[in-house]
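> Residue numbers (my numbering), protein chains in the order written: chain D, 28 to 184; chain E, 2 to 402.
Since the hints were derived computationally from the structure, they do not count as laboratory data. Wrong hints could be hidden among the right ones.
What the hints assert, rightly or not - Straight-line distance between alpha carbons at most 25 Å, and here's what the computed BS3-like set of lysine-lysine pairs gives: (1) Lys147(E) x Lys136(E); (2) Lys142(D) x Lys100(D); (3) Lys175(D) x Lys102(D); (4) Lys311(E) x Lys166(D); (5) Lys110(E) x Lys45(D); (6) Lys100(D) x Lys33(D); (7) Lys125(D) x Lys314(E); (8) Lys134(D) x Lys311(E); (9) Lys184(D) x Lys124(E); (10) Lys100(D) x Lys166(D); (11) Lys175(D) x Lys242(E); (12) Lys45(D) x Lys125(E); (13) Lys175(D) x Lys243(E); (14) Lys64(D) x Lys243(E); (15) Lys124(E) x Lys136(E); (16) Lys216(E) x Lys26(E); (17) Lys124(E) x Lys64(D); (18) Lys125(E) x Lys184(D); (19) Lys125(D) x Lys33(D); (20) Lys134(D) x Lys314(E); (21) Lys125(D) x Lys311(E); (22) Lys125(E) x Lys166(D); (23) Lys268(E) x Lys314(E); (24) Lys142(D) x Lys102(D); (25) Lys64(D) x Lys45(D); (26) Lys102(D) x Lys242(E); (27) Lys45(D) x Lys124(E); (28) Lys166(D) x Lys64(D); (29) Lys314(E) x Lys359(E); (30) Lys216(E) x Lys8(E).
Letter by letter, the chains look like this.
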Amino acid sequence: MLVLEKNAITEEIEESIKLHGNNRSALIPILQDIQRKHSHISDFAQQEVARLLDIHPVEVYSVVSFYAFLNTKPKGRNIVRLCQTITCDLQGKAAIAKAIERELNCKFGETTQDKKFSLEFANCLGMCDQGPAMIVNDKVYSHLTPEKAVQILSNIK
Amino acid sequence: MTTNKQKREGAVIFSEYERGSAIKKALSMGRDDILFELRESKLKGRGGAGFPTSTKWMLVAAAKAEEKYLICNADEGEPGTFKDRVLLLEYPELVFDAMVVGGYTLGAKHGVVYLRGEYEYMKKSLEDYLEAMRKDNLLGNNILGKEGFNFDISIFLGSGAYVCGEETALIESMEGQRGEARNKPPYPVNTGFMGMPTAVNNVETLAAVSHIVVKSGAWFKQHGTDKSTGSKLLSISGDCKKPGVYELPWGTKISELLELVGAENTKAVQVGGASGICLSRSEFDRTLAYEDAATGGSIMIFNENRDMLKVLKNFMEFFVEESCGQCTPCRIGNVKLLEGIEMIERGEYTFSYIKKLKDLGNTMKVASKCGLGQSSPNSFISILDNFSDEIFNNVNGGSHA
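All chains should be built: construct the whole structure from the sequences, respecting the hints.
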C-alpha cells in the first residue's frame with residue numbers, strides 16, 4: 028500500500044473518531060464507517076483503529092471477525108444479501124439464487140471478477156411477509172422473482 | 002416497498018394515539034404513579050422472555066448511579082419476525098415517546114435504539130424523526146418545560162449478529178466487544194451498559210408503555226387473558242393468503258388465527274420462530290399466551306406439501322451459523338443436531354442415536370449460557386416428535402424411512 032493511501036486511511040479514521048468518540052464503545056461505529064467506504068477493513072486499518080483507540084490490534088480483529096457485516100477481505104462494490112431463512116426459502120429463494128449466479132457468472136459466497144458484486148446469503152431479513160427478499164447495499168427489495176432480481180441488479184452501476 | 006400503507010386495526014397497540022401524548026401525561030404524573038400503572042397493567046416483555054416490565058423499571062428506577070441507560074432492543078432477528086419493522090416505520094411515535102417516558106421514570110439521560118444491521122435502510126428516517134422531536138422539545142433539555150429533565154436518543158447500528166438480540170450480548174456489542182452473552186447475574190438492571198443500571202426493552206413493549214401511560218393499566222389489562230394481559234403483534238408468514246402483522250388479543254386460538262389469515266391445508270405452525278416450537282394439527286386448539294404457546298410474535302405456517310425435515314434443517318443451519326461459539330453446549334450441540342438431520346436425510350440413522358440427540362437437546366436447554374442455545378433444540382425436538390410419522394414412518398409420502 029502506498030504511503031499516501033495509508034495516510035488517507037488514517038485521516039478517515041481520525042474523522043470517524045471525531046464523530047463517534049475515542050472510547051471503546053465507538054469501535055463498531057468506526058469499523059462500520061471503514062467497511063462502508065472500502066467494502067472491507069484491511070489489516071492496516073485495523074492496526075490504525077487499534078492505535079488511535081489505544082487497544083490491542085487483536086481486540087479489533089476479534090470484533091471484525093465476529094460480525095457478519097464486517098469483513099477483513101475486499102468485497103465487491105455492491106453487496107447482495109439474499110435471505111436464506113425458511114419463509115423466503117419456501118417462496119423460491121433457490122431459483123432466484125441460481126438466476127443471479129447464471130447471470131453474473133459468479134457463485135454465492137464469491138465476488139464477480141469485475142468487483143462489481145459480492146453475492147451472499149443472509150439470515151432472516153425481516154421481510155417474511157413479502158418474500159423472497161434481498162438487500163443490496165442498504166436498499167431492500169421484496170416479492171422477488173428470478174427475472175425481477177436479475178433486473179434489479181442490472182440497474183445498479 | 003417495505004410498508005403496507007393500509008390502516009392497521011387493533012385494540013391496543015394499533016389503537017388511536019396522539020404523538021407526544023404519553024410524554025405530556027407522564028410529566029404531569031409522579032414517577033411512582035407511572036410505575037404503579039405499569040404494574041397494574043401486568044405488561045410483560047414482548048421480545049419473548051416475558052419478564053414483567055414494571056419490575057425491570059422499578060429495579061432501574063431504584064438503583065443509585067451516576068448514569069442510567071434505557072435501551073430499545075430493535076435487533077429483531079428471530080426468523081419470521083417483522084413486527085418491529087412495522088412499528089418503527091409506521092408507529093415511531095409509540096416507541097420513542099415511551100423511551101422518553103422511560104428516561105423520566107428511570108432517571109436516565111440517554112436512550113439508545115439498537116437497530117439491527119439489516120434494518121440500516123430505516124436509520125435515516127428514524128434519525129429525521131428524532132430530529133423533529135428535538136425541534137418540538139420532546140427530546141433534549143428541559144423537555145416540554147420540565148425543569149431538569151434532559152433526555153436524548155441515539156441509534157446504534159448492529160452488524161449482522163442474531164445473538165445480539167440477547168440483552169447482555171447486545172450490551173457487549175454496544176461497548177465495542179464481540180456480541181457474546183454475559184454470565185447472569187448480575188443482570189443489566191444493576192450492571193448494564195458501561196456497568197451502569199440499564200433497562201433493555203423490546204420495541205413492542207415500549208409501544209405498549211405509551212398506550213398504558215395515556216389510557217391506564219386497568220384499560221390495558223381488559224384485553225388478553227389473566228396471566229397474559231394486552232395484545233400481541235403477530236408476524237405471520239408462510240403458507241397463507243394474507244401474511245403480515247396482525248394485532249390479536251392474547252388467548253387467541255391457533256385455529257382462529259389460521260382462519261383469519263386465510264391458511265388452508267395447514268400441516269404445521271411454528272410458534273415463536275426458529276427457537277420456538279412446532280405444533281401439529283392436533284394442537285391447533287392451543288392458545289397464544291405466556292402460559293400456553295408463548296411467542297415473541299413469529300408465526301410461520303406450513304401446508305401439507307412442505308417437507309418438515311427440510312424446514313428443520315433450515316432452522317438448524319441458522320443456529321449453527323448464528324451460535325456465537327463461546328459455550329460448548331451451543332457451539333457443538335447445534336452442529337451435532339444438524340448432522341443428525343443430515344443422517345436422517347441420507348437414511349443413515351438409528352432410532353437409538355436420534356434418541357441420544359434429543360437427550361443432547363435437553364442438555365443444551367439446561368447447560369447453554371444464553372437463550373440461543375437454551376432454545377435452539379426446541380424446534381429439533383418438537384418437529385421430530387410431532388412429525389415422526391412423516392419423517393420416520395413413511396406416512397403421508399415421507400421419504401426418509
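> Hint by hint, note whether the structure agrees.
Hints versus structure:
1. Lys147(E) x Lys136(E): Measuring from Cα to Cα gives roughly 16 Å; hence the hint holds.
2. Lys142(D) x Lys100(D): With a Cα-Cα distance of about 12 Å, the restraint between lysine 142(D) and lysine 100(D) holds, given a limit of 25 Å.
3. Lys175(D) x Lys102(D): Distance of about 24 Å is within 25 Å: holds.
4. Lys311(E) x Lys166(D): Violated, because 29 Å separates the two Cα atoms, which is more than 25 Å.
5. Lys110(E) x Lys45(D): 22 Å, holds
6. Lys100(D) x Lys33(D): Distance of about 17 Å is within 25 Å: holds.
7. Lys125(D) x Lys314(E): Cα-Cα ~20 Å, so holds.
8. Lys134(D) x Lys311(E): 22 Å, holds
9. Lys184(D) x Lys124(E): 23 Å, holds
10. Lys100(D) x Lys166(D): Distance ~23 Å between lysine 100(D) and lysine 166(D) Cα, so the pair holds.
11. Lys175(D) x Lys242(E): 22 Å, holds
12. Lys45(D) x Lys125(E): 20 Å, holds
13. Lys175(D) x Lys243(E): 22 Å, holds
14. Lys64(D) x Lys243(E): Violated, because 40 Å separates the two Cα atoms, which is more than 25 Å.
15. Lys124(E) x Lys136(E): 18 Å, holds
16. Lys216(E) x Lys26(E): 10 Å, holds
17. Lys124(E) x Lys64(D): Between lysine 124(E) and lysine 64(D) the Cα gap is close to 17 Å, so the pair holds against 25 Å.
18. Lys125(E) x Lys184(D): 22 Å, holds
19. Lys125(D) x Lys33(D): 39 Å, violated
20. Lys134(D) x Lys314(E): Given pair lysine 134(D), lysine 314(E) holds - Cα atoms ~22 Å apart, limit 25 Å.
21. Lys125(D) x Lys311(E): 19 Å, holds
22. Lys125(E) x Lys166(D): Between lysine 125(E) and lysine 166(D) the Cα gap is close to 12 Å, so the pair holds against 25 Å.
23. Lys268(E) x Lys314(E): Measuring from Cα to Cα gives roughly 17 Å; hence the hint holds.
24. Lys142(D) x Lys102(D): 7 Å, holds
25. Lys64(D) x Lys45(D): 17 Å, holds
26. Lys102(D) x Lys242(E): Cα-Cα ~39 Å, so violated.
27. Lys45(D) x Lys124(E): It holds: about 20 Å lies between the C-alpha atoms, which stays within 25 Å.
28. Lys166(D) x Lys64(D): It holds: about 16 Å lies between the C-alpha atoms, which stays within 25 Å.
29. Lys314(E) x Lys359(E): 15 Å, holds
30. Lys216(E) x Lys8(E): 21 Å, holds
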